[in-house]
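Protein chains in written order, with my numbering: chain B, 1 to 265; chain D, 1001 to 1518.
Source of the hints: derived by calculation from the structure; they are not laboratory data. Since the model is a prediction, treat every value here as computed from it, not as a measurement. Don't take every hint at face value.
[What the hints assert, rightly or not] Here are the simulated EDC-like pairs of lysine to aspartate or glutamate, each with C-alpha atoms no more than 20 Å apart in a straight line:
id, chain 1, residue 1, chain 2, residue 2
1, B, Lys178, D, Glu1490
2, D, Lys1472, D, Asp1397
3, B, Lys123, D, Glu1332
4, D, Lys1330, B, Asp125
5, D, Lys1330, D, Asp1296
6, D, Lys1330, B, Glu222
7, B, Lys123, D, Glu1329
8, B, Lys233, B, Glu222
[Claimed, not checked] Only part of the chain B face toward chain D is listed, based on derived beta-carbon distances under 8 Å:
id, residue
9, Val50
10, Gly54
11, Asp70
12, Ala78
13, Pro91
14, His98
15, Phe102
16, Pro104
17, Val116
18, Ala119
19, Ala121
20, Ala126
21, Glu133
22, Pro182
23, Gly213
24, Arg218
[Said to hold, decoys possible] Partial selection, computed: residues in chain B whose CB lies under 7 Å from chain D:
id, residue
25, Ala75
26, Ala107
27, Tyr118
28, Pro200
29, Pro202
No residue lacks a Cβ here, since even glycine has one placed at the ideal position from N, Cα and C.
Here are the chains, one letter per residue:
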Amino acid sequence: MDLSIPNPPAAGPPAAGLIETLRARIARIGHSPPRPRGPALLLGPPIDAVLLGGGLSLGALHEAAGAGPDTEHGAAAALFVAGILARQSGPVLWVVEHADLFAPGLAAAGLHPDRVIYAEAGKPDAVLQAMEEGLRQPDLAGVVGEIGGRLTLTASRRLQLAAETAGTIAFALRRSRKHDDPALAEPSAAVTSWRIAALPSPPPLPHTPDTPGLGRQRWRLELLRCRGGSGKKSWIVEACDATGRLGLVADAGDGSAAPAWRRSA
Amino acid sequence: MPTLATDRLRRHGAAPLEGPLVTAAHDGRRIVVAAADAAAAALGLRAGMPLAQAQALVPGLAIHPAAPDADAAALGRLATWCLRYAPLSAADAPDGIWLDVTGCAHLHGGETKLLRDLAGRLATQGVAARAAVADTPGAAHAVARFATPKEKGEKGGGVFPFPSPFASSLPFLFVVPIGETPAALAPLPIEALRMPPAHADGLRLLGFECVAQLAATPRAPLTRRFGPLVATRLDQALGTVFEPIVPVFPPELVQARLSFVEPLLTAEAFAAVIARLTCTVCTALEKLGQGARRLDLLFERVDGSVQCLRIGTARPSRDPRHLARLLGEKLERVDPGLGVEAMRLVVPLAEPLAYAQASVPLAEAESADQDVSALVDRLENRLGAALVWRAAAVESDVPERSVRRVPALAPPRRTTWPADLPRPVRLLDPPQPVDAMALLPDQPPVAFTWRRVRHRVRRADGPERIAGEWWKRAGEVRSVRDYFQVEDEEGRRFWLFRRGDGEDVATGDLRWFLHGFF
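Bound conformation, chain B alone:
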């Protein structure tokens, strides 16, 4: 194989064709394909544009964690994952270390209780083993594992390989007693890594800000890592509705979700 790198042009941005050639070559060398196979789950146009493959790829391991004080319970992260799985069809395996999930809360994100099989593993190692068992089973809609503490590179690679073979989407829901535990940011083989933080929500009725009550919850969705993609990105979204769909917020800080005519104005 010819491994010599073609000489880049002396100046200016590299040609698009060159990058494609290099990507194809890397794909031939390494095991992990930069372009995930199989279909992808859409999260919303601005988010999908960043994700490789045009969405959250099925047949891959994804990480999700809460932020700040929510790192311990990961409530927003659990809802985020539940919403994604709610839009799939088929049974879901949800492996927990200790049962503190409340099924009506998951049902509110669209995940019907008949679809979820819970497994209470008791120990972090057992969670990983049970997740692998789930990924060996064909036709599951997804496997979720709540992992407290570290997830080693080896363990995450095993899960990623299993998910890739099965074509099932897998989520590692990272939890830790420490707020923003640095252990959660350690490298792993997961294809994407998300952090979901709660944001103050706007008044339920925008025209009368003094009306009491609560509107839809708001999250800051941070993409910490994405294999084959660019660096950190974050979006402000409305939390999952009853069918598990996120809402893009038109008045987000960078205005990315606003219609193009308004942005240009």
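Given the coordinates of chain B, assemble chain D onto it according to the supplied hints.
Positioned in the frame of chain B, the structure of chain D alone reads:
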């Protein structure tokens, strides 16, 4: 077992434990007592008595319909159970069991101990029993039903009664020593010889009262008058005519065994053997139309000890690869010692498993109908059956009671919780107390302190009032919880509740609790 029918009803919880109990059946003309328990018998009730008379004698008598088929089935199961004492066992309808204990009694410490053990085990199961050991089945049958300790004491020979270890069972256990059968039978009434009531009545008309008189009479006139039955029964009881008993056969276990020329030590070798054993067993199960629910794998070691692995399946299965994998996952728990000479795979529990028609669905299969039993089996064998579950909605407003765990393979219930009530995704169990400041009676808290962190409430929704369920616990007659969904300045949402409605102290002590996170 003179009160088998009523004992069976009590054992199954169908009848009250105390008080006289009878079963009733229609004899063609009227409703009569079919069986009476010990308490009813003590009050003078007997089988065959008109039910109306029985009710007149005993007010408040508990009556259940007789179920002869269920009694016979229970007797059959009991006969199978009795195989633990002897290899030959037979049900003797309607209320007896024959056991051929020849050569087995010493295994249980002698005939006396065997009877005591048998009656004791039956008594702990709520079945009263009388039992006898004798030379012939006929004699044992007669002694067990008709001998009384008093008679024996007077005659001084033949029967050796001893008290049963359990007062609740009838204290009648007898051992007739070898050769003493005629003496033991002599004082018994003629009904002891298993003849139809018409014959017994006829003999009594002729003045025969006990077996001794019958045995001393010439046979020919008796045979001419009553047919050959009377003489045959007498000979059978005395042992001059051999009487076989038709034994029950234990349900045959599906099993396979492989023994090895050289002892095996490695996990790879065990896995290969497991693959062969499961194939054999699954072929056998397929012939029977059954699937395994439980499998025992026995490792017979060189030193003579046996190691055992047990797996269970949530649904009957005869897929050799699936079963082999379940067994293979537990291999690490086996200590092969110096080597394993033979392995045996037994199916102690199998259930019918029919072929299913494989079809290509026109539409995508419904999610809950997809077969995940293989996954559930693997998880349950790894974690334990209680730790794999599905959640099911329960009609209760109290959050802790609104979810019930059901087995992972329970049929889908298609019900969910009301969508318009906010429910957190994580629930704290038990709710954790917080310090909160709120205006009474029904304002949400302005701020609350949980784990020494103060959260200022920016927005809130509520209250959602949940009243106690007085029909479940008397203490909840007046108790009330007011739930609020609050959002702090960072945007985190909490589910808080206050015990009490804020006005009436009887409804709660106004303390605040954190119950969950959104």
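Right, here's what the structure says about each hint:
no.	hint	result
1	Lys178(B) to Glu1490(D)	holds, 18 Å
2	Lys1472(D) to Asp1397(D)	holds, 12 Å
3	Lys123(B) to Glu1332(D)	holds, 19 Å
4	Lys1330(D) to Asp125(B)	holds, 16 Å
5	Lys1330(D) to Asp1296(D)	holds, 12 Å
6	Lys1330(D) to Glu222(B)	violated, 42 Å
7	Lys123(B) to Glu1329(D)	holds, 18 Å
8	Lys233(B) to Glu222(B)	holds, 6 Å
9	Val50	violated, 23 Å
10	Gly54	violated, 23 Å
11	Asp70	holds, 6 Å
12	Ala78	holds, 5 Å
13	Pro91	holds, 5 Å
14	His98	violated, 10 Å
15	Phe102	holds, 4 Å
16	Pro104	holds, 4 Å
17	Val116	holds, 7 Å
18	Ala119	holds, 5 Å
19	Ala121	holds, 6 Å
20	Ala126	holds, 7 Å
21	Glu133	holds, 5 Å
22	Pro182	violated, 21 Å
23	Gly213	holds, 5 Å
24	Arg218	holds, 6 Å
25	Ala75	holds, 4 Å
26	Ala107	holds, 5 Å
27	Tyr118	holds, 5 Å
28	Pro200	holds, 4 Å
29	Pro202	violated, 9 Å
Checked against the numbered hints given earlier, this structure breaks hints 6, 9, 10, 14, 22 and 29; the rest are met.
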